[in-house]
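These are the residues of each chain, in order.
Protein chains: 2
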Amino acid sequence: MRIILCGFGVVAQSLAKLLESRTSDLYSKYGMKPRIVGVFDSKGCAYDNSGLDLKKLVNVKKEFGSVRAYDKSQKIISGLDMIHNLDADVLIETTASNYKDAEPGMSHIITAMKKGLHVISVNKGPLALAFPSLMELATYNQVLLRFSGTVGGGTPILDYAKNSLRGERIISFQGILNGTTNYILTNMAKGLSFNDALSDAKNKGYVEADESLDLDGLDAAAKLVILANWIMGLKVTMKDIEKIGIRKLTSKDIDDAAKKSCSVKLIASCNDKLVVSPIEIKNDDPLCVDGTLNAISFTSEHSGTQTIIGRGAGGIETASSILRDLLDIRKEISKT
Amino acid sequence: MRIILCGFGVVAQSLAKLLESRTSDLYSKYGMKPRIVGVFDSKGCAYDNSGLDLKKLVNVKKEFGSVRAYDKSQKIISGLDMIHNLDADVLIETTASNYKDAEPGMSHIITAMKKGLHVISVNKGPLALAFPSLMELATYNQVLLRFSGTVGGGTPILDYAKNSLRGERIISFQGILNGTTNYILTNMAKGLSFNDALSDAKNKGYVEADESLDLDGLDAAAKLVILANWIMGLKVTMKDIEKIGIRKLTSKDIDDAAKKSCSVKLIASCNDKLVVSPIEIKNDDPLCVDGTLNAISFTSEHSGTQTIIGRGAGGIETASSILRDLLDIRKEISKT
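These protein sequence lines map, in sequence, to chains A and B.
Using numbering that gives the first Met the number 0, the first residue of the first sequence is number 0, and each one after it goes up by one.
Using numbering that gives the first Met the number 0, the first residue of the second sequence is number 0, and each one after it goes up by one.
Be careful, since some hints might not be right.
Subject to a maximum C-alpha distance of 25 Å in a straight line, what follows is the list of computed DSS-like cross-link-like pairs (lysine-lysine) [said to hold, decoys possible]:
hint: 1; chain 1: A; residue 1: LYS28; chain 2: B; residue 2: LYS334
hint: 2; chain 1: B; residue 1: LYS189; chain 2: A; residue 2: LYS259
hint: 3; chain 1: A; residue 1: LYS334; chain 2: B; residue 2: LYS161
hint: 4; chain 1: B; residue 1: LYS161; chain 2: A; residue 2: LYS330
hint: 5; chain 1: A; residue 1: LYS330; chain 2: B; residue 2: LYS330
hint: 6; chain 1: A; residue 1: LYS189; chain 2: B; residue 2: LYS330
hint: 7; chain 1: A; residue 1: LYS251; chain 2: A; residue 2: LYS201
hint: 8; chain 1: B; residue 1: LYS189; chain 2: A; residue 2: LYS258
hint: 9; chain 1: A; residue 1: LYS189; chain 2: B; residue 2: LYS259
hint: 10; chain 1: A; residue 1: LYS259; chain 2: B; residue 2: LYS281
hint: 11; chain 1: A; residue 1: LYS281; chain 2: B; residue 2: LYS330
hint: 12; chain 1: A; residue 1: LYS234; chain 2: B; residue 2: LYS28
hint: 13; chain 1: A; residue 1: LYS281; chain 2: B; residue 2: LYS281
hint: 14; chain 1: A; residue 1: LYS330; chain 2: B; residue 2: LYS28
hint: 15; chain 1: B; residue 1: LYS189; chain 2: A; residue 2: LYS281
hint: 16; chain 1: B; residue 1: LYS32; chain 2: A; residue 2: LYS161
hint: 17; chain 1: B; residue 1: LYS234; chain 2: A; residue 2: LYS28
hint: 18; chain 1: A; residue 1: LYS161; chain 2: B; residue 2: LYS330
hint: 19; chain 1: A; residue 1: LYS32; chain 2: B; residue 2: LYS161
hint: 20; chain 1: A; residue 1: LYS258; chain 2: B; residue 2: LYS281
hint: 21; chain 1: B; residue 1: LYS28; chain 2: A; residue 2: LYS161
hint: 22; chain 1: A; residue 1: LYS334; chain 2: B; residue 2: LYS330
hint: 23; chain 1: A; residue 1: LYS161; chain 2: B; residue 2: LYS114
hint: 24; chain 1: B; residue 1: LYS28; chain 2: A; residue 2: LYS334
hint: 25; chain 1: B; residue 1: LYS334; chain 2: A; residue 2: LYS330
hint: 26; chain 1: A; residue 1: LYS189; chain 2: B; residue 2: LYS281
hint: 27; chain 1: A; residue 1: LYS74; chain 2: A; residue 2: LYS54
hint: 28; chain 1: B; residue 1: LYS234; chain 2: A; residue 2: LYS259
hint: 29; chain 1: A; residue 1: LYS281; chain 2: B; residue 2: LYS258
hint: 30; chain 1: B; residue 1: LYS334; chain 2: A; residue 2: LYS161
hint: 31; chain 1: B; residue 1: LYS258; chain 2: A; residue 2: LYS258
hint: 32; chain 1: A; residue 1: LYS28; chain 2: B; residue 2: LYS161
hint: 33; chain 1: B; residue 1: LYS259; chain 2: A; residue 2: LYS258
hint: 34; chain 1: B; residue 1: LYS330; chain 2: A; residue 2: LYS28
hint: 35; chain 1: B; residue 1: LYS259; chain 2: A; residue 2: LYS259
Quick list of the computed label-pair ranges, beta carbon to beta carbon [unchecked claim]:
hint: 36; chain 1: A; residue 1: ASN282; chain 2: B; residue 2: SER333; range: 43 to 49 Å
hint: 37; chain 1: B; residue 1: ILE332; chain 2: A; residue 2: ASN282; range: 42 to 48 Å
hint: 38; chain 1: B; residue 1: PRO131; chain 2: A; residue 2: THR249; range: 58 to 64 Å
hint: 39; chain 1: A; residue 1: ARG168; chain 2: B; residue 2: PRO131; range: 48 to 54 Å
hint: 40; chain 1: B; residue 1: ASN270; chain 2: A; residue 2: ASP271; range: 41 to 47 Å
If you're looking for bench data, these hints aren't it; they were derived computationally from the structure.
Even glycine gets a Cβ: it sits at the ideal position worked out from N, Cα and C.
For reference, chain A alone in the conformation it holds in the complex:
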């Protein structure tokens, strides 16, 4: 399985390490031999038709800040050129999300699918802005588009709802889908002001470079778009989500909730409407988790309400979700 990797940040590096450490296990257990034939970051690229040395790749990135240093004799080509010119089976898109035009991820994904590559995206931007049309494009080009890592990080929320609950009808769901705001709200409940809680989250490296993605509910809304499309079969994009962030919450709001044995959480919900908004939930509701945890409750027709809780992010967790998608693609390919 020949892979092009877009971006080489924390998640992609974790993936490289994971593939490296599990080479023999993946081959013996699943018959899968993944090879990364091309990778690029913002400063350059590295490619090798017979597969890049993953250990070396991680080391040069660490030492020189770019994969460019892998082999300086190589001509620098753009990501799109790499997709056009390298012989590959799968594209893994890990560049940063943005919700304006979702570039460069959007172009990577579209170009790859048109060229017949299967795509795994952990970049939420393209999916949030164009889920329905990207799925259509995948179908049209007879390729698979997977994105397990976009919601819940290493916690297989999408897979659970789609596969483990097969035969069931999910009626509605609601969840805490953004760990950063949950961390801030948890600290506000412990007595910190919004600003102090935000500073603390920033110091810990939990807040996105563009803090609006967390604080204004954009990240949670993007995940809601993906869940609504994938699980509920809706055809919606970012503009269909009503978004209210947590910037206006005061310590008084938190205290008022506490008096009612409740906590204020930023909840993404899919019921009659698609909404991201801070709401009060009961402290003994399984959904009411603290810290950076994510949680989602699915209400189904016959099996009642089921809640999944897990860490929502992290390089190695998200890398493990990419590996699941790779195994999934490998399984689907081997059927045909």
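Assemble the complex: chain A is given as a structure, and chain B must be docked to it using the hints.
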């Protein structure tokens, strides 16, 4: 798909209603046309090669207390005779669990598999006493043995761990697997004595006819056996589980835990050892759920700890798990 149903208690009746209500949906969505060709309870049986009328079946059971009244002109035959003589594809075993010899369920399952029927069991007894050999028998006879409803009721815990986490290594797990004891412990935390909490649970119909199954941890241990075999690949049976029930717990134990911001829960755990025992867990641990809820936390190599919470029992929930198993069997059959 031709089905023989062993037992016609709450779960089996819920299944009959579920199949009845979803006939057209199951056919259009999954191409599945399940027909129950034979059913028996402790007082008699009913059978029809072209499929029993499920509405009538539920009604006669309600009115006369046995499926025998469905057609009194029919000769009464034993469950085993029915398995031998009826033409069927799947056996669904729903008779009561016992952990002495697991009969009559054990004989139903073995006979059916030897005859080439796929088996769905929501009866934990046979699996708890003989999981490894039953799986071997299934493999030998090239039939499928499914048991989603034995752990977590309608919450697809087994499926989640096996399928949604594919590609991951689960290192250990621990869970609250018995809703009745959890209900009793929750009420003890609210100030009730053990005896009062037990009486209350009995009044609500939560306690098994043989209360030892709940109170001495046998039910939780049976589920632990199933999880350990299915998910961790261990070859264990009931005798390999160390079991300590909740009978000896006092209000003081509960209060001592509360002082440490902990709750006493009956935890089934798979780590170095397989143990069912009351232990103190932190109140902010996602696993710490109250009432009749079940919860299980899987610790995996790369994706951290993930917790699933849901109702653990109930007729309709368990029936929905049987339906999932049926769909699974149907899917596997159609591959060949």
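Consistency of the hints with the structure:
{"no.": "1", "hint": "A:LYS28 to B:LYS334", "verdict": "holds (21 Å)"}
{"no.": "2", "hint": "B:LYS189 to A:LYS259", "verdict": "holds (18 Å)"}
{"no.": "3", "hint": "A:LYS334 to B:LYS161", "verdict": "holds (20 Å)"}
{"no.": "4", "hint": "B:LYS161 to A:LYS330", "verdict": "holds (15 Å)"}
{"no.": "5", "hint": "A:LYS330 to B:LYS330", "verdict": "holds (15 Å)"}
{"no.": "6", "hint": "A:LYS189 to B:LYS330", "verdict": "violated (50 Å)"}
{"no.": "7", "hint": "A:LYS251 to A:LYS201", "verdict": "holds (23 Å)"}
{"no.": "8", "hint": "B:LYS189 to A:LYS258", "verdict": "holds (19 Å)"}
{"no.": "9", "hint": "A:LYS189 to B:LYS259", "verdict": "holds (18 Å)"}
{"no.": "10", "hint": "A:LYS259 to B:LYS281", "verdict": "holds (22 Å)"}
{"no.": "11", "hint": "A:LYS281 to B:LYS330", "verdict": "violated (40 Å)"}
{"no.": "12", "hint": "A:LYS234 to B:LYS28", "verdict": "holds (20 Å)"}
{"no.": "13", "hint": "A:LYS281 to B:LYS281", "verdict": "holds (18 Å)"}
{"no.": "14", "hint": "A:LYS330 to B:LYS28", "verdict": "holds (23 Å)"}
{"no.": "15", "hint": "B:LYS189 to A:LYS281", "verdict": "holds (17 Å)"}
{"no.": "16", "hint": "B:LYS32 to A:LYS161", "verdict": "holds (22 Å)"}
{"no.": "17", "hint": "B:LYS234 to A:LYS28", "verdict": "holds (20 Å)"}
{"no.": "18", "hint": "A:LYS161 to B:LYS330", "verdict": "holds (15 Å)"}
{"no.": "19", "hint": "A:LYS32 to B:LYS161", "verdict": "holds (22 Å)"}
{"no.": "20", "hint": "A:LYS258 to B:LYS281", "verdict": "holds (22 Å)"}
{"no.": "21", "hint": "B:LYS28 to A:LYS161", "verdict": "holds (14 Å)"}
{"no.": "22", "hint": "A:LYS334 to B:LYS330", "verdict": "holds (14 Å)"}
{"no.": "23", "hint": "A:LYS161 to B:LYS114", "verdict": "violated (34 Å)"}
{"no.": "24", "hint": "B:LYS28 to A:LYS334", "verdict": "holds (21 Å)"}
{"no.": "25", "hint": "B:LYS334 to A:LYS330", "verdict": "holds (14 Å)"}
{"no.": "26", "hint": "A:LYS189 to B:LYS281", "verdict": "holds (17 Å)"}
{"no.": "27", "hint": "A:LYS74 to A:LYS54", "verdict": "holds (21 Å)"}
{"no.": "28", "hint": "B:LYS234 to A:LYS259", "verdict": "violated (49 Å)"}
{"no.": "29", "hint": "A:LYS281 to B:LYS258", "verdict": "holds (22 Å)"}
{"no.": "30", "hint": "B:LYS334 to A:LYS161", "verdict": "holds (20 Å)"}
{"no.": "31", "hint": "B:LYS258 to A:LYS258", "verdict": "holds (21 Å)"}
{"no.": "32", "hint": "A:LYS28 to B:LYS161", "verdict": "holds (14 Å)"}
{"no.": "33", "hint": "B:LYS259 to A:LYS258", "verdict": "holds (22 Å)"}
{"no.": "34", "hint": "B:LYS330 to A:LYS28", "verdict": "holds (23 Å)"}
{"no.": "35", "hint": "B:LYS259 to A:LYS259", "verdict": "holds (23 Å)"}
{"no.": "36", "hint": "A:ASN282 to B:SER333: 43 to 49 Å", "verdict": "holds (47 Å)"}
{"no.": "37", "hint": "B:ILE332 to A:ASN282: 42 to 48 Å", "verdict": "holds (47 Å)"}
{"no.": "38", "hint": "B:PRO131 to A:THR249: 58 to 64 Å", "verdict": "holds (59 Å)"}
{"no.": "39", "hint": "A:ARG168 to B:PRO131: 48 to 54 Å", "verdict": "violated (36 Å)"}
{"no.": "40", "hint": "B:ASN270 to A:ASP271: 41 to 47 Å", "verdict": "holds (44 Å)"}
Consistency with the previously given hints fails for numbers 6, 11, 23, 28, 39, ordered from lowest to highest.
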